[in-house]
Amino acid sequence: MSSCPNKLAAAFICLVSATPATADECDQLAPPSVTLRRLPERLSINTRHDHREITHLAAELARPGTRVLGLTRGTATVRMEVRSPSYVDRSGRWECSSPQIVVTYGYDPMTVYIAREFPERSCAYNEIYKHELRHVKTYQEHLVAIEKDLTETLRRRFATGTPWRGPVGNTQAILQREIDDRWLPYIKREIGKVEVAQARVDTPDEYERVSKSCNGEIQRRIK
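In the numbering used here, the protein residues as written are 1 to 223.
Where hints are given, some of them may not hold.
As the list claims (entries may be wrong) - If you anchor each label on the Cβ, the simulated ranges turn out as follows: (1) R177 - S91: 37 to 47 angstroms; (2) R93 - R156: 27 to 37 angstroms; (3) R52 - R157: 44 to 54 angstroms.
Hints were generated in silico from the structure; no laboratory data involved.
Virtual Cβ for every residue (Gly too), placed ideally from N, Cα, C.
With these hints in hand, go ahead and build the complete structure from the sequences.
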């Protein structure tokens with residue numbers, strides 16, 4: 001039986017060759033796998049706030065001095081569900097396990113805010129809503145864009161082709177700690193990078209176009 005260097009053993013579960021006595025039993029386990037699933041879209045419309053309150057909600061994102069008429073917010077959400085069938089060898093000292101990991105990720109909830117000064121079905125409401133739908137689309141496109149890299153990165157780490165081996169009773173705890181400390185924050189960071197693309201939607205020209213649309217209706221309502 002081979003072993004990992006001590007400096008790696010504390011951080012990662014070791015992958016070692018099975019002994020002849022346990023090879024057949026370990027081989028009965030399915031290969032480790034990683035599956036990614038995007039959360040179903042759950043979009044809601046909120047018209048309870050006036051434009052001052054929405055401007056306050058968007059304070060971290062909006063340009064200084066800008067009056068925010070609509071806002072789209074998506075909360076980055078990640079779940080990693082782990083099922084890890086295992087087998088303990090005859091000595092009782094080592095176990096082999098096969099992590100089956102399902103990653104569910106996306107933005108949940110996603111809320112479009114439209115200032116209550118603009119009645120539904122009015123020209124102003126429709127213009128603001130159309131602008132916010134561009135933000136919704138940007139969220140959706142970002143999830144699609146990062147899926148390939150997320151899948152490849154996670155499979156390189158976890159879908160090793162053969163079961164994992166380690167000291168009995170330790171493998172599940174070490175795996176969960178690695179997921180919590182390393183991989184959940186990593187996926188949330190990747191999801192959060194959407195803000196770069198969102199900023200490209202809210203250009204000064206776009207702000208001006210929306211605010212001056214509908215023959216001045218928007219300007220009149222927020223005076």
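Against the structure, the hints come out as follows:
Checked against the hint of 37 to 47 angstroms, the C-beta distance between R177 and S91 comes to roughly 25 angstroms, which is inconsistent with it. The supplied range of 27 to 37 angstroms is met by R93 and R156, whose beta-carbon atoms lie about 29 angstroms from each other. R52 and R157 have their C-beta atoms about 47 angstroms apart, which keeps the hinted 44 to 54 angstroms range intact.
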